[in-house]
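Chains as they are written, first to last, in our numbering: chain A, 1 to 278; chain B, 1 to 362.
Certain hints may be false.
Unchecked claim - When the alpha-carbon atoms are kept at most 27 Å apart in a straight line, the in silico BS3-like pairs for lysine-lysine are as follows:
1) A:K40 to B:K26
2) A:K217 to A:K51
3) B:K240 to A:K93
4) B:K240 to B:K270
5) B:K240 to A:K115
6) A:K93 to A:K138
7) B:K26 to A:K38
Claimed, not checked - FRET-style restraints, in silico, Cβ to Cβ:
8) A:L78 to B:S2: 46 to 52 Å
9) B:V345 to A:Q244: 47 to 53 Å
10) A:V103 to B:V125: 44 to 50 Å
11) B:L342 to A:S61: 34 to 40 Å
12) A:P120 to B:W211: 51 to 57 Å
13) A:D140 to B:A46: 29 to 35 Å
14) A:L78 to B:A258: 39 to 45 Å
Simulated from the structure, these hints should not be mistaken for laboratory data. The beta carbon of each residue, even a glycine, is placed where N, CA and C say it ideally should be.
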Amino acid sequence: MSTAEFEEVAMMESDLLAPRAIAVSELRAENVSVWFGKRKVLENVNIDFPKNTVTALIGPSGCGKSTFIRTLNRLHELIPGAALAGSVLYEGKDIYSSDIDPVHIRLQIGMVFQKPNPFPSMTIRGNVLSGLKLSGMKRDNHDDIVEQTLTAAGLWNEVKDRLNHAAGDLSGGQQQRLVIARALAVQPSVLLMDEPCSALDPASTLKIEETIRQLSKEVTIVIVTHNMQQAVRVADNTAFFLAQEGEPGHIVEQGLTTDIFGQPQDQRTLDYVNGRFG
Amino acid sequence: MSTILYQPPADPALLSQPPQRPWRHKPRSFTTAVALAVIVPAVITAALFFLSPIPGAIVLVVVYFPLQLLASGIAAWATRGVRGIADSVIIVNAIGATVFSFVVLASLIGSLIVRGLRALSAHFVYQNSVYISPSTPLDYGGIGHALIGTILVVAVATAVAVPIGIATAIYITEVRGRAVPYVRFFVQAMSGVPSVVAGLFILTIAVSTGWFSQNAFAGGLAYAILMLPTVARTAEEVLKLIPDELRTGALALGSTRARTVMRVVLPAAKTGIITAILLGIARVIGETAPLLLAAGNNDGTVLNPFGQAIASIPVYIFNNVAVPYPDAVARAWGAALVLMILIAVLFTVARFLGRGRVGRAK
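Please construct the entire structure, taking both the sequences and the accompanying hints into account.
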């Protein structure tokens with residue numbers, strides 16, 4: 001069976017058996033350990049991100065979730081003193097191998113950050129198309145791209161009459177959806193989201209969660225969140241990170257979101273998902 | 001289906017893996033291309049330099065630089081494709097500009113050291129110039145009096161300009177009164193005042209009217225006029241960088257605005273404020289004209305800033321460099337070297353003081 005066929009079958013299966021966790025792996029971390037200087041912050045992380053699924057990374061503050069998500073598109077190495085061991089496989093190839101251009105990786109594995117960061121000197125339309133300019137990617141029909149991505153990000157109806165206004169005039173929730181549209185315009189196959197809703201009100205959060213569910217039909221999503229209800233609402237799979245006092249963090253338990261929240265095996269996971277600490 | 005629990009790896013070696021930086025490993029083709037792009041233009045330039053009669057500077061500009069651009073462009077294209085070319089052009093230009101400015105600075109400092117060292121000796125730093133004429137050999141006399149003079153004048157200027165400058169910056173960024181646009185306009189206009197005008201101003205309003213004679217205080221006031229706009233504008237930029245959250249945070253604890261500025265905003269901006277003061281000092285310390293007019297000159301040592309006319313290093317250099325005696329010119333170079341060392345010491349001390357024990361706010 002060829003890969004394409006296998007993918008097709010896997011997709012069909014995943015459509016039949018929601019939650020769709022058995023699809024083909026697209027991004028995969030193997031024995032990843034991470035350091036800042038001499039301090040080891042993550043140890044031996046193994047996790048699979050199947051194609052077109054949503055994976056939530058949960059855990060208390062300081063357990064290395066955000067650090068981990070930044071190793072997935074090679075942003076971690078920009079921090080002075082950063083180090084790493086293990087490998088991150090994207091479509092079966094180690095993204096840290098020496099012949100891989102990090103620029104190319106970041107083009108395919110996009111990211112949305114905690115604080116909305118639209119470019120203040122550009123218009124709404126300019127922000128959506130900025131990725132094309134910055135990466136030198138050529139795509140036709142810019143008007144269609146703007147409409148498609150803004151629609152996908154759930155923002156089109158609110159901004160369609162003022163595409164040439166400054167992006168800074170939007171509210172925080174709108175800015176965050178604009179940033180998601182911007183990330184989508186370069187057609188990434190993976191989208192990393194680092195607490196995308198932590199600075200937003202419940203209404204905007206709900207809109208972004210709808211957006212995530214919609215996007216997961218075409219894009220593999222990894223989302224770091226402190227909000228456990230959010231993980232339940234959007235994620236197919238969940239991984240629980242924990243760091244003991246003074247020790248590097250690791251994944252305590254991972255699996256289908258329904259299992260992690262419904263029948264966790266580890267006592268600490270049970271306590272965390274029930275809000276007893278963290 | 002059930003969840004997967006954490007399991008330590010079967011191979012314990014995986015747990016004791018050393019930290020690595022895989023992003024530093026470049027493929028061999030990349031290293032080769034970079035090496036070729038560095039070596040080939042250098043070899044061609046060296047060959048032209050040694051084997052042809054073309055002057056070195058022309059070889060450097062006309063041959064080496066374009067060749068380096070071309071070689072880097074080709075190397076980038078070969079390893080990273082079309083998009084690498086723009087990167088390589090920017091990098092080569094950035095490195096070229098850095099090297100150029102470094103060479104200019106190094107040759108300036110180098111010639112200062114080479115020529116200044118001839119006059120430099122222990123007595124040159126502490127003796128004064130009483131009984132010294134331009135033809136006196138270098139075994140006698142020094143610039144101790146001028147060094148003290150410069151330090152006194154700069155101290156007066158700092159004492160006057162820094163409080164006013166920081167107060168101006170606080171008015172613009174913290175008080176935000178109605179006069180802000182006018183204050184800012186006048187501060188900007190002040191930074192355009194020629195130094196000779198500052199000297200003339202003090203000379204006419206203070207010295208000619210008989211308030212006081214030419215002395216370190218008058219010279220310091222003239223310096224302060226030049227220093228004020230630099231301190232005020234730099235401090236303003238620094239205070240603008242302090243996030244508003246700090247101010248509202250302090251106000252929400254029941255602090256007054258004045259105490260917020262003194263206890264929270266200024267300490268957070270400490271390093272930047274010190275930079276502002278340093279830039280102000282650097283702006284004035286070599287200025288000659290104001291001191292020529294307002295502070296005068298003296299061959300002897302004067303310690304009282306409110307006393308008689310006082311010597312300073314710039315004026316000393318000015319007087320010695322225009323004299324047709326090689327020893328006097330050597331003294332001028334020596335004085336310039338001492339002035340540069342003084343600035344270096346001052347900056348080092350200030351940087352050291354600026355390193356706060358609490359926090360690393362910048």
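Against the structure, the hints:
1. A hinted pair counts as satisfied when its Cα atoms are at most 27 Å apart, and K40 (chain A) with K26 (chain B) qualifies at roughly 25 Å.
2. About 9 Å separates the Cα atoms of K217 (chain A) and K51 (chain A), which keeps this hinted pair within 27 Å; it holds.
3. In summary, the hint linking K240 (chain B) to K93 (chain A) is not supported, as the alpha carbons are separated by about 47 Å, beyond the 27 Å threshold.
4. Restraint check: the Cα-Cα separation between K240 (chain B) and K270 (chain B) comes to about 13 Å, which is no more than 27 Å; the hinted pair holds.
5. Taken as a hint, the K240 (chain B) and K115 (chain A) pair is honoured in the structure, with Cα atoms around 21 Å apart against an allowance of 27 Å.
6. Our distance criterion of 27 Å between C-alpha atoms is met by K93 (chain A) and K138 (chain A), whose separation comes to about 25 Å.
7. Annotation: proposed proximity of K26 (chain B) to K38 (chain A) holds, straight-line Cα distance about 23 Å (limit 27 Å).
8. About 38 Å separates the C-beta atoms of L78 (chain A) and S2 (chain B), a value inconsistent with the hinted range of 46 to 52 Å.
9. A hinted range of 47 to 53 Å holds for the C-beta pair V345 (chain B) and Q244 (chain A), which are about 50 Å apart.
10. Distance hint check: the CB atoms of V103 (chain A) and V125 (chain B) are about 56 Å apart, inconsistent with the given range 44 to 50 Å.
11. L342 (chain B) and S61 (chain A) have their C-beta atoms about 50 Å apart, which leaves the hinted 34 to 40 Å range violated.
12. For the pair P120 (chain A) and W211 (chain B), the beta carbons lie near 53 Å from each other, so the given range of 51 to 57 Å is met.
13. For D140 (chain A) paired with A46 (chain B), a C-beta distance near 50 Å fails the hint of 29 to 35 Å.
14. Checked against the given bound of 39 to 45 Å, the beta carbons of L78 (chain A) and A258 (chain B), roughly 41 Å apart, stay inside it.
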